[in-house]
Amino acid sequence: MCNTCGCNITPANEHLVQSEGRLAYTEDGKAAVTVLQSLLHENDHQAGHNRQHLDYFGALAVNLMSAPGSGKTALLEATIQALGDEFRIAVIEGDLETENDAARVRALGAPAVQITTGSACHLDAHMVHNGLHQLDLASIDLLFIENVGNLVCPASFDLGHHLNVILLSVTEGDDKPAKYPVMFRSADLLLLTKTDLLAVLDDFDPATAEAYFRQLANPAPVVMVSARRGNGLDAWLAWLRDNLQAYRQRLPRDETRSLTLAEEGVRCHRSSAPAASHADHHHHHYDHHHPGHQEI
Amino acid sequence: MTKYLLWKRGRPFTVHELSLCQHLLDQVTVLATAHGAREVERIVLQIGPLAGVEISLLAQAFSIARAGTLAENAELDIEPAPIRVRCQTCGAETEASPAHLACGRCGDWRTELVSGDQLVLASLQLTLEEDHV
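These protein sequence lines map, in sequence, to chains V and E.
According to our numbering, the residues represented by the first sequence are 1 to 296, in order.
According to our numbering, the residues represented by the second sequence are 1 to 133, in order.
Just chain V, same shape as in the assembly (with noise of 0.2 Å):
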């Protein structure tokens, strides 16, 4: 939501905030001071700053979420085989420990930034900035987030990425879009993955996943696919492909590129950084230097 023009206010909230004008004194040296800001605020900006660099440089950043173990890493695997003569893609991996995800990535010939979080559930804005100064964002078309597996606490986040796509495997409940509606709500994509393992379980009916989806009020579309055996991997990559397309045609490339970005900035963002391990960076510098007087 959105903290400037007063569209935080709701008719479930309003009456917070009537009182008379913005700051009102007391007698006895109190303040009433309304705020009406989000509790994210922090994030949210910063999650803006990382939308204007991938803006700036038309690379399309599409959040992967699930439960772990749901095949994000896999059906990345599976789309650099078939995009990466195609689209030149990038992965920024989120976990809590080590370099795996990243390595197996990188065997595919795409640059990939681990970010190791620690104890952290999710990935945060802070975090992927800095993950995006050890990219060259300007050789890069696709990038995609993988977050840590967890189907609570990303949902909350935003990244500054551009589209939320949710893995549910078929091992897991075809009604966990009604126990994590949060993280199902933001859905763009609900991929449905492993369905070749839907012939030996007798649990978990592709239709009923939906029916829970869709009440959630979203209207997203559903696709099956299985990246080990390539099954309905089409869809999948058509949906890139068109979304790629739709962003690009989007983007006011001549106006964003005068407005959002200093020099010094681009200049960063082009260096041909190394896509090395990532330090412990935490993620509460809540300071508002721009990339350009951050080089990595």
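Derived from the structure by calculation, the hints contain no laboratory data.
Hints should not be assumed to be uniformly reliable.
[To be verified] Which residues of chain V face chain E? A partial, calculated answer using Cβ under 8 Å:
1. Val35
2. Leu39
3. Glu42
4. Cys153
5. Val182
[What the hints assert, rightly or not] A few chain E residues that don't get close to chain V, going by computed Cβ distances all over 10 Å:
6. Gln60
7. Gly68
8. Thr69
9. Cys90
10. Ala102
11. Arg110
Bear in mind that the values here come from a model prediction, so they are computed numbers and not experimental data.
Positions of the beta carbon are idealized from the N, C-alpha and C atoms, including for glycine.
For chain V, the structure is supplied; the task is to place chain E on it using the hints.
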């Protein structure tokens, strides 16, 4: 309690309510300082069930994280927001629940959320420094 041992400014946290709480205290401190406050008396939040925040965890995190800040003695007032949807088919506005956001009148799932995902710092009550009164 183990998870709270990780509570330290500038370090990752285990639960996102803790992380959120730090965001809240940073925001409150900036606002209180800007208004010349000596102390924050009351913080009013509004949180909807679809914000993805567990209110009890946030309140618990707040009671620990406020130590040493201007909000050390502040009362945290969390107002839950109702879930309401507007139907794109029949136009009705009805109450809904987190996993059932379909229209309460005609049953169509094509609705838009009117209320329920708020995660908002609504207002603060401050005690001002003498010279700001």
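Item checked: Which numbered hints fail -> 10 and 11
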